[in-house]
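Asks: Sequence:
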Amino acid sequence: MFQYNWESTTIKTNMQANSMIELFKKIKPKVGAFDTETTGLHITSDKPFLFQFGFIDEEHRIGYTYAVDLEKQPELSKAVIKKWHELASHLNIYLGHNVGYDLHMMHNIDMPYEFPNISDTMAWIRHAHDALTPTNGGPPLSLKDYSARYISPTAKSHEQELARERTEIAKMYNNKLKERLKVLGTPPEKYGYKSYTLSVVHEMFKDPIMESEDLEPQIRTIYNQWFQEDLPLYLQTKVTSLVESDMIPYHKLNREKLVSYAHMDIVLTIEVYLQCRSAVEARGTYKGIDYENKLIYPLVRMERVGFPIDKQYLEESRIKLKNYIKVVRQKLYTLAGTEFQIGQHAFVKELLANDFNLEVPSTGNDVLGDVVANLKINEPNHPAIEFIDLIQELRTLEKWYSAYILRFQKSLNNCDRIYPTINSVGTVSGRCTSDWQQMPKDAIVDCDGNELFSPRKIVRCKLVSIDFSQVELRVQALYTILVQDPDLNMLRAYSPYKCYRTINGQKLTYDFNNPIDVKMWNEKEPNGESIWKHEEDDQPWEPVDLHGKTTEMATGLTKADPEFKSLRSKIGKRVNFAKNYGAQRGKIRTMFPDKTEEEITKIDGAYYAAFPGVKTYHSYCYDRAAQYDHTTNLCGIKYYGLSGHKLINTLVQGSAAYYLKEKILAIDEYIRKNNLKTQLMFQIHDELLFIVPPEEVQYVYEFKRIMEDTDGWYVPIVAEIDASNTTWADKKPMDSIEQIKEVLQ
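So the sequence shown is numbered by numbering that gives the first Met the number 0: it starts at 0 and just counts up by one.
In case anyone wonders, no lab produced these hints; they're calculated from the structure.
Bear in mind that the values here come from a model prediction, so they are computed numbers and not experimental data.
Cβ coordinates follow ideal geometry from the N, Cα and C atoms, glycine included.
It is possible that some hints are incorrect.
[Claimed, not checked] When the alpha-carbon atoms are kept at most 30 Å apart in a straight line, the in silico DSSO-like pairs for lysine-lysine are as follows:
1) K81 / K27
2) K27 / K286
3) K398 / K572
4) K251 / K325
5) K82 / K11
6) K237 / K11
7) K532 / K586
8) K594 / K348
[What the hints assert, rightly or not] Restraint-style ranges between C-beta atoms, simulated for each label pair:
9) N364 / K440: 17 to 27 Å
10) P133 / Q311: 38 to 48 Å
11) L507 / D544: 21 to 31 Å
12) D447 / K181: 44 to 54 Å
13) S361 / Q311: 14 to 24 Å
14) A352 / E202: 22 to 32 Å
15) Q311 / F226: 29 to 39 Å
16) Q224 / Q329: 28 to 38 Å
17) Q224 / D415: 25 to 35 Å
Can you make the complete structure from the sequences, with help from the hints?
Replies: In structure tokens form, the structure reads like this:
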């Protein structure tokens, strides 16, 4: 239950505002919080209509929450917010939950809060608990879900009331369509209903490519009448099929309930902080929170840049993809002898059994992929191969259509930019996530290889990309040093380990403890060869091909063999990434269903045979997890409660993630300190995107220098520069300032 007693006031008069101010000055609180209720979720076009805030009297264990209604009392509300910003700047810590969003809302009403005491309770949750996902017993990051589990079982009651109201409003509008359709009598036979119900209406739009224009003419006429006559304008801008509950904005709901909900959000935000603070103090995990606090404003600035979108290309791609989906469906229906939806798993399973004599445990993509792989080896002419391939192709096509094209079009919201958001604590390792995290680099194509859609082509602008090269593998190499078993092949992939250079006839051995040597890792002779020579054979050092080395160990082939290049990708690369994530033999078995047990044993052992130092690191992780309750990554972030298996990847990924966070902070500071017009546009995986004016191109190499400054790390970190004057998809490697300048002109 709550640690504090709470008092709530909705400020409607100057007297109430003055009382709040006097109370704040009397208590001199150290902890406060704020939140907003808004017209929608768009970070630049939506605005707050309620602003709520609060603080606590820690001596008397009393909390105070306040709310103002910007929609009903705009002048009073803005005066209160302005004064509250001034008061809040004196707090030691000023909290929000997913606080970046609420900072955007403050920008949108020209009342930004920019003081350095801001903090996000999501970071406090992350660093107060074991490094486990919710499915593995870790805490949820949602304010209401976390509060319901750890603060109060009734924490979600206000939210549930509002959710029910939104559902009822959506249902009311959809019922109007149902009533209009009744004049048509019986629905088309394919829907399987005798009369028009809401189920029929939902069934019509269940197909991801269904649009109103695809409806039967009579139904389409009635649908259009409903859309134009029954739906308010705010819904007409959102609805593409039916009204969904999340389309109903909060400011259309019962205001009294909303205000109670708003006050409770402040209560929960501060109570969550109080709950987590003691654990953070006991565990000494403040360093992680310090990182996240400092990142809040840089990430907000990045998010507000947005991606300029080629709306014409997006719509052309939608039409191409939709038409191709219809073609593939027809092929599938012809093979099956009937129409069906690929999401009808029981039906697909029955079809495979009855028509193709294949019994499968499920119809998930992994299972069907294994089935096809075995059939192609043992029965390459089996008719089920084409059937399953078409199902999996359709699943990919429909996912791309809904997850990328439709989502992007919806995100545009009557503007020409999409504004992706970044979650700095979205993973237990600390790796940032975003709603564009899974953005594919490659295009989706039809059966003849013609491009249907390339997601990164929709981002149309001149941009510069600086991307870390294999940063997690470099961190993995560094860890082999730390566990006192420096791995020859892995270290030689990134540095001239066990090599020497000659100065005035004297051989100087490469020393990874020496920052000068680390910086000189890639120095060349006039003939282009490395200045470093192998100690064992005096040959010039060249980076070891890690994927090739695993392939050699797994297959016994060398680079001279015709099959080697293909197997490097199919075996070496896949095994390396799987092993870096802690994969055991069982996982390797599922990755290569066509291989014999003897071959699997060899493939599984190839990674450790190629990189024995990594095996030592893995053993260290298992031993460490068995003996200690936490382990610290290379940036000083502690992870509690991890198994050895989980620790293997978390230490590597987490170290790389926080290293990148350090660089985002450093680059943001450099841009602001030097008053540059350059904008740090976005972070995705290990890549930073920039919009750079031509007159500031010279600073790109300063950003690269910042990203590569390892400050004492034993393995060099390399950042590579790309640029494009057309789209994100078209970026190309850059070798000089002159080349970048030419592209950006």
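Asks: At the C-beta level, are D447 and K181 separated by a distance inside 44 to 54 Å?
Replies: Since D447 and K181 have Cβ atoms about 46 Å apart, the given range 44 to 54 Å holds.
Asks: Run the distance test for K81 versus K27: straight-line Cα separation, threshold 30 Å.
Replies: At roughly 18 Å apart (the allowed maximum being 30 Å), K27 and K81 satisfy the hint.
Asks: Note whether the CB distance of L507 and D544 lies within 21 to 31 Å or breaks it.
Replies: Taking Cβ atoms as reference, L507 and D544 lie about 27 Å apart, which means the hint holds.
Asks: Under the criterion that the straight-line Cα-Cα distance not exceed 30 Å, is the pair K82, K11 satisfied?
Replies: holds, 15 Å
Asks: Look at the Cβ atoms of A352 and E202 and judge whether their distance stays inside 22 to 32 Å.
Replies: holds, 26 Å
Asks: Within 30 Å, alpha carbon to alpha carbon, are K27 and K286?
Replies: holds, 26 Å
Asks: Under the criterion that the straight-line Cα-Cα distance not exceed 30 Å, is the pair K594, K348 satisfied?
Replies: Within the cut-off at roughly 26 Å; holds.
Asks: Could you check the hint for me, namely that N364 and K440 are 17 to 27 Å apart, CB to CB?
Replies: holds, 20 Å
Asks: 25 to 35 Å was suggested as the range; check whether the CB atoms of Q224 and D415 agree with it.
Replies: With a Cβ separation near 31 Å, Q224 and D415 satisfy 25 to 35 Å, so the hint holds.
Asks: Can you let me know if the beta-carbon spacing of S361 and Q311 is within 14 to 24 Å?
Replies: violated, 41 Å
Asks: Using the Cβ atoms, figure out if P133 sits within 38 to 48 Å of Q311.
Replies: holds, 41 Å
Asks: Straight-line Cα separation of K398 and K572 no greater than 30 Å?
Replies: OK: K398 and K572 at ~26 Å, within 30 Å.
Checked against the numbered hints given earlier, the structure breaks hints 4, 6, 7, 13, 15 and satisfies all the rest.
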